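Residue numbering for the sequence shown follows my numbering, beginning at 12 and increasing consecutively.
Be aware that one or more of the hints could be misleading.
Only pairs whose alpha carbons sit at most 25 Å apart, straight line, appear in this in silico PhoX-like list of lysine-lysine [stated by the list, open to error]:
no.	residue 1	residue 2
1	Lys65	Lys46
2	Lys153	Lys135
3	Lys161	Lys135
4	Lys46	Lys153
Hints were generated in silico from the structure; no laboratory data involved.
For clarity, every value in this text was computed on a predicted model and none was experimentally measured.
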Amino acid sequence: MPALAGLDAQPRRLTLEEEGRLAGVAQREQALQAKRYALFQQLGRTPTADEWAKAALGADCSPQDLGRVRRESVAAKHALVRANGGLVVSIARGYQRLRTGAGVEALDDLVQEGTLGLIRAVEKYEPERGIRFGTYATAWIKASISAWLKRGDAMIKVPSRVADLGLRAARSSSALQNDLGRDATAEEVARDLGASTAAVEAAASALHGSRVVSYDASAGGDSESNFVACLADEECAVGDLKADLTNALAAVLDDRELRVVRLRYGLDDGTQRSTRECAAALGIGKEGPRS
């Protein structure tokens, strides 16, 4: 379990004062980046290291001073993360126990996602409130892991409210199927959830279109061929896969956005167009397709 090596052996527990001091140093990088962005807006270009150092740290400071402060900030963040690595593992194992068939690889994934939440907690922690960092970070760690589990194998980002409705619809459909002895219709699922049929269908389509499919998976239907063979077959690729792509896009884009994408990438006729050509075809301004 290389990804978990050493995490259970948690370092010395930090005091509240030490946590506050480390958090303050760790968050200096955020302040420096904010100053750099403000300079970028002010100058209309990327500031030099010397300009950045003087604006952020004072007129007498050099790029070397800036580099030292940034290194100290990164080191402080790593120290807080390392000191709370055991907390991440503990929470991740709690989630793993709720997952049937989850193995070591799943635990690694849970720890990785939890660590992202821990890093976010370092950036947002306010020690002056008198709350221990571990208590504060727990909420961020759980939120990060929960969001990852909710996304599942989705690659295309789906709004959380749509994902929630899609998952609820799937559970409702399964329950209704057991009760009715047949597949439930979209109208029945929508009635069970107290939502509109259109919203339920769109949410289910969005979730389906965001899933990762293995190249070794069956291409569907009665065919025994997999997606590798299908992609090599021009008729199959241009037919079924193009239809699936269009349906997935339609689930997450409005009509205007979908028309732009279809024209831009030639989904209808195979001819890709520039944004200017798309604008002309749709009768909108030349910057319209970008917005």
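Verification of the supplied hints:
no. : hint            : in the structure
1   : Lys65 - Lys46   : holds (10 Å)
2   : Lys153 - Lys135 : holds (15 Å)
3   : Lys161 - Lys135 : holds (23 Å)
4   : Lys46 - Lys153  : violated (31 Å)
Violated hint: 4 only; the structure is consistent with all others.
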